[in-house]
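**Student:** As a plain string of letters, each chain reads:
Number of protein chains: 2
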Amino acid sequence: MTKFGVLKDKGLMDLLIESSLKAIEDSKTTESDFSSVYVACMLDQTLNHMTGIASALVDRLNLIPAAADHIENGPASGGSAIKNAFYAIASGGCDLALVVGGEKMTHITTPGFITSAVATITHHSAERIHGVSLPSFAGLLTRAYMEKYKVPKEWISSIAVKNHKNGVNNPYAHFQKAITMEEAMKSAIIADPLQLYDICPVSDGAAAVVMCPAEMAKQYTDTPVLITGVGQATDTHIIYEREDITVLKALQICSKQAYDMAKKTPQEMSLAELHDAFEILEAVESEDIGFFKKGEGAKAAYEGLTAIGGKIPINPSGGLKARGHPLGATGIAQVIELVWQLRNEAGKRQVPNAQAGITCNFGGFGNNILSILVERM
Amino acid sequence: MTKFGVLKDKGLMDLLIESSLKAIEDSKTTESDFSSVYVACMLDQTLNHMTGIASALVDRLNLIPAAADHIENGPASGGSAIKNAFYAIASGGCDLALVVGGEKMTHITTPGFITSAVATITHHSAERIHGVSLPSFAGLLTRAYMEKYKVPKEWISSIAVKNHKNGVNNPYAHFQKAITMEEAMKSAIIADPLQLYDICPVSDGAAAVVMCPAEMAKQYTDTPVLITGVGQATDTHIIYEREDITVLKALQICSKQAYDMAKKTPQEMSLAELHDAFEILEAVESEDIGFFKKGEGAKAAYEGLTAIGGKIPINPSGGLKARGHPLGATGIAQVIELVWQLRNEAGKRQVPNAQAGITCNFGGFGNNILSILVERM
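Line order of the protein sequences matches chains V and D. All letters in the first sequence, in the order written, are residues 1 to 377 by our numbering. All letters in the second sequence, in the order written, are residues 1 to 377 by our numbering.
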């Protein structure tokens with residue numbers, strides 16, 4: 001992956017190329033081996049005035065005539081691209097795929113423009129027309145969660161503190177800077193009770209993986225990892241139609257699909273990369289993905305159970321909060337962190353003896369979620 | 001599929017829903033049977049200010065928690081969505097998929113806006129910055145083809161005359177109106193020598209198919225057809241980098257992939273649906289897909305070989321010229337026409353004894369092309 005952050009001199013295509021070349025160089029592949037390229041990006045049209053970026057990238061990488069597909073599934077585009085490559089490979093339709101996701105965002109400086117662009121994913125007549133945005137939904141969820149489960153705000157802010165601490169040791173992270181609980185709790189209110197440090201930054205960046213059939217993996221690398229489970233599920237588009245806003249049904253379903261495919265349980269996971277675009281999401285996701293009972297996710301984080309060395313380390317990468325969130329890149333960057341952890345290559349943020357991990361890549365406000373389960377080979 | 005045309009009272013989501021419900025009603029499926037929905041659309045962001053349309057559609061159709069993916073591959077998005085569903089089904093990852101593509105375009109009335117939006121698929125620094133558009137490329141190609149192969153303009157215009165004639169008998173076509181050669185040849189010059197009647201219209205519309213494993217097809221319909229071949233290939237993004245602009249290498253490659261997968265030859269095809277966004281494309285595609293020698297496609301059309309009842313009927317639907325071209329819908333509408341023809345349900349435009357057909361779904365200016373081969377079961 002590229003470093004995530006404010007990458008002033010790089011455009012969307014530059015980022016996709018840079019991360020692709022890194023993935024290709026990390027593998028013993030040659031250009032002619034690739035039969036498919038999957039590209040994940042959400043706002044290429046709105047922020048970059050580009051379409052057809054997948055076939056454009058294939059040309060830049062000298063991979064012609066490889067098949068090219070661009071997937072736009074909101075902030076879940078990355079996971080979705082991995083899923084489609086996984087199926088293509090499993091079907092025999094593709095032997096070697098490059099899966100790359102990226103987003104170029106920080107060149108947009110008009111206040112509110114990015115928030116509005118992302119809000120195109122909400123329901124137009126039921127939600128968007130009334131002025132809601134993703135941060136406003138996250139504020140509502142934070143309030144509902146705090147009230148329902150009697151959760152003090154510090155427990156939620158502790159997730160940001162943990163993720164910033166993890167990010168210090170991730171050279172690819174947007175922020176490599178620890179924050180204190182006091183800083184988090186004193187940060188500006190954005191959508192009450194959501195504060196500045198409860199929200200991921202706007203980032204540029206891209207991330208790429210090379211995928212092939214398991215039986216061919218040793219040809220291309222000495223340190224393969226296995227994708228053994230993939231799941232994807234939808235929920236209502238309109239949030240008020242959900243029985244309980246604090247429950248992510250789509251995550252319950254898609255993570256179960258991934259666990260079942262891999263024949264694993266949540267208890268067998270060594271770590272997880274969850275989608276903390278807002279810190280409340282990490283708390284809720286850590287419950288619905290099977291690590292904690294409902295209402296106990298934020299408390300578990302506060303008590304250190306999700307820190308590196310804890311019961312189930314979550315977001316050792318720093319998560320979206322500290323690594324950053326270039327939308328289309330995130331689902332792929334999550335899998336890359338699992339790969340590095342399973343290869344024991346994560347340096348100072350290494351989770352000891354990592355054997356298996358799972359992701360939550362979250363689209364819309366939870367209406368399109370993917371889980372990818374990765375294991376040591 | 002919906003009717004294609006200027007559909008004033010319908011938005012993008014309305015069109016996707018209408019075509020989806022028609023496909024579902026045409027099959028003996030129930031809502032809970034669907035495990036995946038693939039949505040093809042090119043300009044949802046630019047023309048409709050929407051993202052994440054696949055998961056939104058799943059909710060509207062009451063198919064929750066089916067997996068939702070949105071594919072944007074320019075005007076080849078429809079074929080690409082079918083390909084990804086095909087692989088998902090072939091892998092065992094999906095048992096029943098709804099594949100739907102659509103575009104809402106005619107509400108945009110700013111002159112040049114649609115042409116500029118589509119031109120976001122060209123190479124930014126090598127092409128777009130100099131003011132090129134897709135029609136200008138088609139004009140250059142028409143001139144090069146006419147000069148290289150000594151082709152009079154009438155031969156190319158005859159393709160428009162044929163496709164308009166076919167469209168008369170297609171109740172779903174944007175235009176159900178025959179045109180004369182004189183009208184075509186007297187129509188306004190758009191990008192010399194390209195004239196008004198050499199160019200498809202801007203249309204609204206959507207198209208949907210239901211896909212499942214072949215062995216399950218009889219559960220869902222009495223008249224299944226088989227997808228036996230799928231191919232996809234890329235070519236250079238920048239057009240001047242191609243050895244010969246009159247050769248569509250990506251089509252040669254992807255149609256060969258489809259023929260090889262199906263173990264069929266071009267000579268065994270009963271008909272074809274080709275991507276005549278510009279009429280010159282039908283001529284060139286009819287060569288590169290294997291029906292005619294290079295330089296003989298336009299002549300063949302002029303001589304009636306591609307009319308219904310001819311050697312190889314092309315675009316009995318009316319093609320993009322007469323059926324219309326709601327970008328994301330086109331690749332799926334092409335397959336739907338093949339389905340109707342193979343089921344012997346095409347009415348007055350029926351190709352006698354249709355056994356097998358192939359498509360060309362063309363993205364960019366030929367840098368991302370798919371072929372889908374369909375046969376009677």
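Hints may contain errors.
The list cannot tell twin chains apart, which means a pair is met if one copy fits it or any two copies do.
As the list claims (entries may be wrong) - Here are the computed lysine-lysine pairs in the DSBU-like style, where the Cα-Cα straight-line distance is at most 30 Å:
hint: 1; residue 1: Lys249; residue 2: Lys22
hint: 2; residue 1: Lys177; residue 2: Lys28
hint: 3; residue 1: Lys256; residue 2: Lys177
hint: 4; residue 1: Lys294; residue 2: Lys10
hint: 5; residue 1: Lys28; residue 2: Lys256
hint: 6; residue 1: Lys177; residue 2: Lys165
hint: 7; residue 1: Lys3; residue 2: Lys218
hint: 8; residue 1: Lys249; residue 2: Lys28
hint: 9; residue 1: Lys150; residue 2: Lys165
hint: 10; residue 1: Lys294; residue 2: Lys8
To be clear, the hints were calculated from the coordinates, so they are not data collected in a lab.
**Student:** Between Lys294 and Lys10, at a C-alpha cutoff of 30 Å, which is it: within one copy, between copies, both, or neither?
**Tutor:** Neither: 42 Å inside a copy, 42 Å across copies.
**Student:** Between copies, within a copy, both or neither: which fits Lys249 and Lys28 at Cα up to 30 Å?
**Tutor:** Intra 40 Å, inter 28 Å, cutoff 30 Å: inter-copy only.
**Student:** Using 30 Å as the alpha-carbon threshold, which applies to Lys177 and Lys28: within, between, both, or neither?
**Tutor:** neither (35 Å within a copy, 58 Å between copies)
**Student:** Between copies, within a copy, both or neither: which fits Lys294 and Lys8 at Cα up to 30 Å?
**Tutor:** neither (42 Å within a copy, 47 Å between copies)
**Student:** For Lys3 and Lys218, with the copy left unspecified, which applies at a CA distance of at most 30 Å: within, between, both, or neither?
**Tutor:** For Lys3 and Lys218, the Cα distance is within 30 Å only inside one copy (28 Å; across copies 52 Å).
**Student:** First find the shortest C-alpha distance between Lys249 and Lys22 inside one copy, then the shortest across copies, and answer within, between, both or neither for a cut-off of 30 Å.
**Tutor:** between (36 Å within a copy, 29 Å between copies)
**Student:** Within a copy, between copies, both or neither: where do Lys256 and Lys177 come within 30 Å Cα-Cα?
**Tutor:** Neither. Shortest intra-copy (35 Å) and inter-copy (54 Å) distances fail the 30 Å Cα cut-off.
**Student:** When no copy is named, should Lys28 and Lys256 be tagged within, between, both, or neither for a Cα gap of at most 30 Å?
**Tutor:** between (34 Å within a copy, 29 Å between copies)
**Student:** Give the relationship of Lys150 and Lys165 under a CA distance limit of 30 Å: within one copy only, between copies only, both, or neither.
**Tutor:** The answer is within: 26 Å in one copy meets 30 Å, while 71 Å across copies does not.
**Student:** What label fits Lys177 with Lys165 when the C-alpha limit is 30 Å: within, between, both, or neither?
**Tutor:** Answer is within: at 7 Å inside a copy they meet the 30 Å cutoff, but 68 Å across does not.
Taken one by one, the earlier hints fail for this structure at numbers 2, 3, 4, 10, listed in ascending order.
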